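Colleague: Single-letter residue listing:
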Amino acid sequence: MTNKDWPLWEIFIRSKQGLNHKHVGSLRAADAEMAVENARDVYTRRSEGISIWVIESNNIHASDSSDADMLFEPSNTKVYRHPTFYDVPDGISHM
Amino acid sequence: MKVLNTEELNRKFQEKIDNDIKIEPNDWMPDAYRQTLIRQISQHAHSEIVGMLPEGNWITRAPNLRRKAVLLAKVQDEAGHGLYLYSATETLGADREDTIDDLHSGKAKYSSIFNYPTLSWADMGAIGWLVDGAAIMNQVPLCRCSYGPYARAMVRVCKEESFHQRQGFEIMMKLANGTPEQKDMAQDALNRFWWPALMMFGPSDDDSPNSQQSMKWKIKRFSNDDLRQQFVDATVAQAALIGLTIPDLDLKFDKKSGHYIFGEINWNEFYEVVKGNGPCNKERLDARRKAKENGLWVREAAMAFSAKRAIKKSA
Chain A
9 MTNKDWPLWE
19 IFIRSKQGLN
29 HKHVGSLRAA
39 DAEMAVENAR
49 DVYTRRSEGI
59 SIWVIESNNI
69 HASDSSDADM
79 LFEPSNTKVY
89 RHPTFYDVPD
99 GISHM
Chain B
18 MKVLNTEELN
28 RKFQEKIDND
38 IKIEPNDWMP
48 DAYRQTLIRQ
58 ISQHAHSEIV
68 GMLPEGNWIT
78 RAPNLRRKAV
88 LLAKVQDEAG
98 HGLYLYSATE
108 TLGADREDTI
118 DDLHSGKAKY
128 SSIFNYPTLS
138 WADMGAIGWL
148 VDGAAIMNQV
158 PLCRCSYGPY
168 ARAMVRVCKE
178 ESFHQRQGFE
188 IMMKLANGTP
198 EQKDMAQDAL
208 NRFWWPALMM
218 FGPSDDDSPN
228 SQQSMKWKIK
238 RFSNDDLRQQ
248 FVDATVAQAA
258 LIGLTIPDLD
268 LKFDKKSGHY
278 IFGEINWNEF
288 YEVVKGNGPC
298 NKERLDARRK
308 AKENGLWVRE
318 AAMAFSAKRA
328 IKKSA
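Keeping their order, the protein sequence lines are chains A and B.
So that you can map any letter, position 51 of the first sequence is 59 in the numbering used here, and since no number is skipped, the others follow by simple counting.
So that you can map any letter, position 197 of the second sequence is 214 in the numbering used here, and since no number is skipped, the others follow by simple counting.
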């Protein structure tokens with residue numbers, strides 16, 4: 009076997025019940041089980057989380073950052089998507 | 018999509034930096050920016066890893082269980098910090114194994130402070146107090162560095178490191194208030210680590226040619242000399258409080274500027290240590306090389322085990 013790096017894993021931690029898992033960083037591990045164990049040691053030594061997801065980095069597909077302007081154009085012509093577009097008369101509450 | 022030429026890309030890039038918009042791994046960046054970051058972050062990673070050696074030297078000889086547990090936790094943190102930083106270099110396209118081999122071949126540098134020996138238990142105090150203190154001064158501004166993954170790694174590092182300096186100061190305080198022999202030990206450690214700690218901020222601004230570009234890219238936020246001054250100003254009072262003397266006859270408070278003026282740093286020594294001629298350079302690199310070689314079978318066994326586990330699962 010060659011002296012090669014273990015696969016790279018992206019680590020996601022749920023900091024507490026009710027919150028979503030959030031990306032915290034990455035690490036290398038031989039397989040998923042080991043990635044979870046290592047993530048536990050590296051990223052949750054000070055009660056940072058209660059649940060860990062690990063995903064091998066090459067399974068992540070991302071949008072192209074050079075397309076960001078086009079993809080995430082703020083659609084300023086579609087202001088009606090926002091509640092502030094609508095007039096609400098005085099005296100109306102809970103809306 | 019409109020294809021931008023390099024000049025336009027460069028302009029847009031600098032515009033983002035000027036507007037404090039972070040650069041992320043897949044964004045376009047000038048090659049020099051990428052290379053500067055790879056160099057700086059990998060040096061930083063190496064420093065964390067090599068930095069475990071002088072302290073690891075005292076784990077088995079810590080004076081009591083509490084001190085031992087604290088030192089273990091600190092050294093474990095440094096390993097984690099090395100990992101965050103190696104990961105950050107990987108987001109820039111650097112290969113982890115190559116990065117580490119560059120350290121082992123002597124091509125890559127690490128903080129020269131770790132090439133000094135740790136001769137007594139008091140050195141654990143001096144390192145935590147001074148070396149981690151200086152590192153924190155460097156690292157806090159790096160939390161706002163323009164490169165996202167580096168900045169985020171630094172936030173984690175700084176959060177974890179806040180106890181490192183305190184535990185060091187606590188050791189020094191205890192020794193300084195102890196028997197005359199213990200106080201001498203503390204003073205001796207301060208004497209040996211003070212000047213190397215000042216050198217940690219790097220060459221003076223006049224001799225630091227890359228600094229200006231790094232400031233323009235917002236990798237660096239403060240100059241070496243400014244950070245060094247900040248460190249001296251903060252540390253002198255701390256030493257006085259525990260009755261230790263900073264080993265600098267030229268040290269005096271300048272009322273006009275509100276800063277301490279300190280003596281000339283021995284830059285000759287600094288460059289000699291950087292070049293590899295410090296007291297422990299060879300020992301440190303040998304230890305790292307040996308660790309890699311001796312760990313090889315473990316890494317291979319883990320891969321073999323995971324392959325076996327995968328077959329069992331699919332069967």
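Everything labelled a hint here was simulated from the structure, so no lab data went into it.
Among the hints, erroneous ones may be present.
[To be verified] Calculated cross-link-like contacts (lysine to aspartate or glutamate; reagent style DMTMM-like; alpha-carbon spacing at most 25 Å):
#	chain 1	residue 1	chain 2	residue 2
1	B	329	A	72
2	B	330	A	45
3	B	85	A	49
4	B	309	A	41
5	B	29	A	49
6	B	329	A	56
7	B	85	A	56
8	B	309	A	18
9	A	24	B	94
10	B	33	A	39
11	B	176	B	267
12	A	30	B	177
13	B	325	A	13
14	B	29	A	75
15	B	329	A	77
16	A	30	B	94
17	B	29	A	39
18	B	126	A	13
19	B	33	A	81
20	A	30	B	300
21	B	309	A	45
22	B	124	A	56
23	B	325	A	75
24	B	39	A	18
25	B	330	A	56
26	B	176	A	45
27	B	124	B	300
28	A	30	B	41
29	B	309	A	39
These numbers come from a predicted model, not from an experiment.
Colleague: In ascending order, which of the hints set out earlier in this document are inconsistent with the structure?
Modeller: 1, 5, 6, 10, 11, 15, 17, 20, 22, 23 and 25
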